[in-house]
Structures are given as structure tokens and as C-alpha cells.
Amino acid sequence: MDSCSVVIAGVGGQGVLSASRLLAQAVTQTGQRVIVGDTFGASQREGSVMSVVRLGADVRGALIAPGDADFLIAFEPYEALRRLHFLRQGGTALVDSEARIPVRVSLEGGYPAIEDVWRAIGERAGRLVRVDASAAAGTLARKHGSHYNVTNVVILGAASVLRGFPIDKPQLLATIEARFRAKSLPMNLEAFSTGVGLADSLAG
Amino acid sequence: MTRAADTGMRGRRTRSERQEGNGAESTRITAGVEATSSRSEKLLLGNQAVAWGAIAAGVDFAAGYPGTPSSEVLQELIETAPEYGHYVEWSVNEKVAVEAAAAASWSGQRSIAVMKHLGLNVASDALTTLAYTGVRGGMVIFSAGDAQCHTSSNELDARAFAQFASLPVLDPSNPKEAFRLIQDAFGISERLELPVIVNSTPRLSHTSVSLDIGGIAPRSRRLPRFAADRTRWICVAALALRRHAWLTERLSEAPDLLDDYPLVERIDGGKDIGILTSGVAHSYVLEAVAELGLGNRVSILKVTQSYPFPLRSVCDFAADMRELLVVEELAPFIEDQTRIALQKAAIVKTVRGKSDALVPLVGELDPAIVRDAIASVLGIEPEPAGPTPVDLPVRPPLFCPGCPHRSTYYGLRQAAQALDPKPLVVGDIGCYTLVNSYPFEMLDTLLCMGSGAGMAHGFSRAGLDRPILAIMGDSTFFHSGLSPLANIGYHRSNVTVLLLDNRYTAMTGFQANPGTGLTSTGDPARRLSIAETARALGFDNLATVDAHDSSSVAEAITNAVRHDGPSIVISEAPCALQEARLRGRQRTSPRPPLTINSEACVGCQSCLTAFGCSAIGWDNATGKAYIDPGKCVGCGDCVVVCPVGAIGGEADG
Chain A
18 MDSCSVVIAG
28 VGGQGVLSAS
38 RLLAQAVTQT
48 GQRVIVGDTF
58 GASQREGSVM
68 SVVRLGADVR
78 GALIAPGDAD
88 FLIAFEPYEA
98 LRRLHFLRQG
108 GTALVDSEAR
118 IPVRVSLEGG
128 YPAIEDVWRA
138 IGERAGRLVR
148 VDASAAAGTL
158 ARKHGSHYNV
168 TNVVILGAAS
178 VLRGFPIDKP
188 QLLATIEARF
198 RAKSLPMNLE
208 AFSTGVGLAD
218 SLAG
Chain B
1404 MTRAADTGMR
1414 GRRTRSERQE
1424 GNGAESTRIT
1434 AGVEATSSRS
1444 EKLLLGNQAV
1454 AWGAIAAGVD
1464 FAAGYPGTPS
1474 SEVLQELIET
1484 APEYGHYVEW
1494 SVNEKVAVEA
1504 AAAASWSGQR
1514 SIAVMKHLGL
1524 NVASDALTTL
1534 AYTGVRGGMV
1544 IFSAGDAQCH
1554 TSSNELDARA
1564 FAQFASLPVL
1574 DPSNPKEAFR
1584 LIQDAFGISE
1594 RLELPVIVNS
1604 TPRLSHTSVS
1614 LDIGGIAPRS
1624 RRLPRFAADR
1634 TRWICVAALA
1644 LRRHAWLTER
1654 LSEAPDLLDD
1664 YPLVERIDGG
1674 KDIGILTSGV
1684 AHSYVLEAVA
1694 ELGLGNRVSI
1704 LKVTQSYPFP
1714 LRSVCDFAAD
1724 MRELLVVEEL
1734 APFIEDQTRI
1744 ALQKAAIVKT
1754 VRGKSDALVP
1764 LVGELDPAIV
1774 RDAIASVLGI
1784 EPEPAGPTPV
1794 DLPVRPPLFC
1804 PGCPHRSTYY
1814 GLRQAAQALD
1824 PKPLVVGDIG
1834 CYTLVNSYPF
1844 EMLDTLLCMG
1854 SGAGMAHGFS
1864 RAGLDRPILA
1874 IMGDSTFFHS
1884 GLSPLANIGY
1894 HRSNVTVLLL
1904 DNRYTAMTGF
1914 QANPGTGLTS
1924 TGDPARRLSI
1934 AETARALGFD
1944 NLATVDAHDS
1954 SSVAEAITNA
1964 VRHDGPSIVI
1974 SEAPCALQEA
1984 RLRGRQRTSP
1994 RPPLTINSEA
2004 CVGCQSCLTA
2014 FGCSAIGWDN
2024 ATGKAYIDPG
2034 KCVGCGDCVV
2044 VCPVGAIGGE
2054 ADG
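Chains as they are written, first to last, in the working numbering: chain A, 18 to 221; chain B, 1404 to 2056.
Hint data in this document are derived by calculation from the structure and do not stem from the laboratory.
Treat each hint with caution, since some may be false.
Stated by the list, open to error - Per the computed footprint, the stretches of chain B lying under chain A, defined by three or more beta-carbons under 8 Å from a beta-carbon of chain A, are:
1) 1497-1510
2) 1606-1617
3) 1688-1701
4) 1801-1813
5) 2003-2013
6) 2016-2027
Said to hold, decoys possible - Simulated pairs of lysine-lysine, DSS-like, Cα-Cα distance not exceeding 25 Å:
7) A:Lys-160 with B:Lys-2034
8) A:Lys-200 with A:Lys-186
9) A:Lys-200 with B:Lys-2034
10) A:Lys-200 with A:Lys-160
11) B:Lys-1674 with B:Lys-1747
12) B:Lys-1752 with B:Lys-1674
Even for Gly, the Cβ is constructed at its ideal location relative to N, Cα and C.
From just these sequences and the hints, can you work out the full model?
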């Protein structure tokens, strides 16, 4: 492959930047060139966050032009819509189903209806994979009696089996195994395989 | 014990706490450089590459003040200090950091001062005279700018500042180059005997790449030796003029003194246009030239040292080209310098760029802007315009659940509603600036660090017929609050200061300040008392309140405003996010989340529109508010907000 750009979008606090680091780390293990650019502004909590992971021998800058992303991975549907212009026509979108609507918008309006969001993403993406990653992460946290949120690892698991995704399952798994301490590793591994299962079930 | 070293907005965990978990705190936990790798390449943030460049150069002394997007440089130097032995501190402000680093340099050590671009202004009094005295040990000023004003109140261009101060400035274009250029900067500094500014932008500082920095062996710090020199280190007026002449001569000799440093990078292709560029714009140019297939039509000259401007290289390049296009962010610095250089060398060429609006003066560049500018100059049919962003309401950042500032501002709002006329709220810079955001929206002015108290005094003395309320945080108090507070105290202005003390420089990542009680490297230190200091500055009318007790906050503010003369309300409680991090490490359980009794809730929305905690949501279906147990930290601050007492208790299970 010449080059590949993955846009990861979400809400501050969801684990977007961690996900992009894990992904980039996995790329680094394979010896490919990788550049990660983060856009988060004053978005520490509840603001919009975006990270771009670019792979390939010729990639130079941390920004991409509209229409240049091959993959859009969004932790939230409205954030997917906010960054949709980066996705190339026919690219792949992987989006968590759970909408997180800011309080003000929920009281005063201003967001389009969720069906319109899915339609807009569907019109641009050649393939739209909707996953209930945050719901699955909530279930995992309860099961493991943990307060950690593993949504990002669930999403990476789902991403790893997308057709054409530049980093495959074994590479990401190896990175996750190297990344987490024994105590938290089982939950993260389960999160990853849950994500794989979610995407596989949709593909099937 | 905290090491006060993680960033909140982004960054990585310290060695001791890595791999503990994932998720809830994950925006500020990133893989960083630790993940084991069979290769020697590590994933490094631009700012981390800068820190490692300094380490590779054998830096002895590092000081700085946090500010996005610069903060990770010193964080990395803090984390590496035990192994590499350099001294490192978060100074109280950028000027103090530069002065401290200059003293280390005058003692023969290599030093670095780290700040965001706005900090250059704070440091400028020291910096502009430091150009006259010069330095001994290599001294680097790392300034991270903010094209696009992502998190800053202006997008000042540090290259223009460097020229104004007569100091050399280098513009790395990517993290890998930053790692090398920082090392070069120390050498250049020693060669010229001048501090060297290294200029960054968010797209360099916050870009990560995999980088092989090789093995860097720890070495011992250079022993400090200060050699007295009355003709140099005492910059009194009579000497200053001679030193100015020295500086001018030194800058004119710079090209010869530095001829073995790669201060430009030239790629020859065709001669239709010569593209001059610098910094991150260079990568967009390379990508655009490749994408448009222009390798045989254009040549590229990357200007690595913008000042002193590499006249000869630019003129040689220009002479070979039919016309020139300058692609750079912010000020038309290279563009104007190129025109001057060409005029001096009597070379007549068209120089295009910002002067004919091909490249914008405002905001950051991106690949599409650069591609279109190059295509336009060459008369290439422009790419069809890419898709445009959907117009969605922004997702405003909010105070974290449990944040003491929210409770303080709820108290402020209660007090303000009962006052007539309403107070003028004069703001300052920190997390607490979010008083400007939904649902408070109470801020009247904001200028820069420390401006709250300074301007409040002015509004009061101008005779404005309203109570004047200045807002200030603990780190700002030590950074640039002392002087304006002394001004209020001494002139006995009728100003109320609301000081929000959450113990940390929280917005930039919980760095320690003199009010924290920890050194930058996490050792215990004696807290400086904000109350005692304020009293000494003339604020006898002083109240200290618990920030989580909004009724007491409101009462204290009301009393302070009614007092004639300077008064201060110190609303204190530690940053909730930092508390949660400490608690996480100590493994004690957090307080259980609260619930809203849906039977009792009358749907008045007070908890949303007057308090606005992100843990409280609205259910359109039932017309009632609810608490998200995954977000609620159980602070209980919202209990008093509900007019029917529906908030309380614990969540089920």
C-alpha cells in the first residue's frame, strides 16, 4: 500500500488519543513510517478530539486534506459527522452507536436527528460499521469490577478486522499485550476480542 | 506521591504508573515511549523529541512555565532527570525561567528555557538584554507557538519576536528534525555566544513519529564556574551601547561562523517556481509537490534558520528560479526577508505568497491550502474542492465532575444575582476561564495571564459605577498576580478578588506551583500561603472558604463586594481530577455517585442550566434530569442546586 490515513474522532475523556497511540505503536512495531497528529484544543473534558494516524513511506505532515482519509473511526456518531468531510468517498467508517449529546444541545437543540447522521455517513462511506463499543465496555467493566473504560480497545478490536485496515489483529494484540500490566491485561484482551466479535458479526 | 509530571490534556504516564489501566483517564494516558519494541525506534511526540534533543546535547539546567502546546517538553525532562542528572524546575513564570537558565549559562552550563509563545512576551525584558550580554554555556529558548489559536489568546509569530530581540531562531519542520536541531541550537548558541530560540507550532509539538534517537548515555553535570567580567555581565547603560555594537557585529558574522550548520535545505527539481518554506509548512509542500507530480517543475528551499536570514542561500536559489512562492505560517517573515535580500543583491524576481493572498496570514496552513497555492501559481487546474465540514454546534469543554470551580461559580452566580448593579467580572487564564462558558457565561473581559487584577484596578479607578470582581487562579497568582495585587493593595482600589485555589496548575496538566507543596520532581516542599501573601499585599479584608460550599462562597463574595477597598475571597479545594488520580494510586474507593429521585424531580432543569455538571443529563422522554453513575464522582455539590431536594442518596448497585 502507498499510504493510508486513519482519522480517529470522539469526545474528550473517551480514550481517542490513547487509541491513536496504540495504533501508532503497533505500526511502529512493523517498521512502517507513521505520523500521528492530534487536534484537541481546550477539549480536555467533553470537547471534540481528533487524531490522525498516517502510515506510508511518503507521508510527511500531521494534517490531511478533506476527502483524504481512508478510515474514519469515531467513538460517537455526531463526532463522526463533525469529521466526515475528511473521509474519502467510498472510505470505511467505524462508528460507536451511542450518541452523546451535550446538555445544552439536548435542551436547546441544534443537532440533526440521529437517522440523518447515519444517512450522511452512509452516503459518504463505502462501508459503515456501527458497533456498540461503549455499551460493551460498560458490560466488561461491571464484569471485571473495574472503573476503567475500555471502549477504545473494543473499537480497536473492531477496526483490526475491517477490510483493508492497515494494521492487523496480531500486530495490535501484540502491542496491547506489551502495553498493559498483568492485572489489567485480561480485561483489555477481552475488550479487544469483543471488538473483533462485534465487527465480525456485522460482516457475517 | 505525584510526580506532577503528567499532562492533563495529553501526554503520557510516568514509568511508575504505566500499564495500570485504561479508559476513564485515557485522554491523558498515552502509550508514549515505553512500549517495548524489538527495534530502537520509539514513538515520540514532537515535544518529547525536543526534550531528548536537549538530553542528547547534555543539557544541565532546564526551567519553564507550562502552557499548551509546550508543556510536554519539561514534563519529559522532569521524568528523565533522575537518570540523566539535569536540574529541572517549573519556575513561577517564563521570565524567571529565562533568568534562571541564563544564570546557569553564565556559569558555563548548557541550559534550556521552555514556554509557549505568549511566555516569550513575559520573558522579553530579560531576553532582549540577554542578547546584549550574550551567554557562555549554550542556551536554548524553546517556544511553542499556536497558529490557529487552538488554546491561546493570540498567534504571535516567534520569528518576528526573534528578529525584534536580535536572537537567532530555528524552525524545525518535524519531530525528527527537532531532535537534531535542538542539539544544533546548543552548538550555535555557543558559537555565537547568543541564546537561540527554537520555534514550534501545535503541528510539530503535538505530532508523534517513530524515531530512533539512539542510546544516550547519562553524563555528569558540568561544574558551574562563574568568571567575573565587568565589561559583560553588568549591563549598565554605558556598557549597553558597546554590547549593542558587539551584537550587531556578531549577527553580521553569523553566516560565516555557522557555515558548517545546515541552515537551509535545498531540493532541486525544475525552475518554474522556487518554493521557499519553513517549519511544518515544509511537509505540506513536499506532499503537494508529490501529489501534483511537480518534481520536474519546482525546486524547494527550506529556510531552517529564519533569523539571521540566510541571504546568500536564498539569493543563490532565487537567481536560478523563474519566480518565487513563499509558503509559511503566520507572518510574511521569509517573504519580506526574501524581498529585502533580493533588493540588496539587485535580483529582480516576483515573490508570491501572502502579499497576493495565495497563502493566508491568519490561522494555520493545511495540505489543501498549500496544494491550491502551488497549483494556482503554476496555472494548474485546481483540485475539485473537497467536502466541507458539516455545521454542528461545538462541543464546549466543561468543568470536570467534582470540579471545585463549578461550585465556586455557582456561589458567585448566587451572589451576583442579589447585587445591584451587577459586578463586572474581569477574567484571567486557567481552567477557571470556563466561567465564560455554558451555563455560567458571566465573564466580561479576558486579556492575558495576570490581567484580571491589573484591569480590575483600572476599571475601578476609571470610575466604573459597578462592583469590580477580578478572577484569578493559584498558579496565575504566583505567575503574574503578585504585582497587580500589590497595585490594588497599595492604591486601595475598590476591587474584590475571587481567588480560585485548586492547588495545581491544572489546565496544563497538574504541574506543581508554589501553592502546591511539591517540587517539580515530586518532593515535598513548603507551600507558600496565598492568604498570608495577599494580606501582606494589602488585602486585610480576606475570607477563605471551602469551594465545595457554594453558600459560603456566595456569602463571602457578597460581604467582600460590600466592603469598601481591596478584598479577597480565597475559594479553595484541590482539583478534582488530580484528586481522582491520586486516589487511583492509593486505591481507596471514590465516593459513590448520587442519584436524582425521579418521583421528586419536577423537571425544572435548574441542575442543568444553573449548575451544568456533565454527569447530569436530561431525559427528553420522561422530562426529568438524571445522573450518569459512570461520570458522577459523588462530590455532592449539586445537592443544594435542586429546589425540591431531589438529588441525593446513592446509586443502586
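Violations among the numbered hints: Number 1 - this is the single hint that the structure violates.
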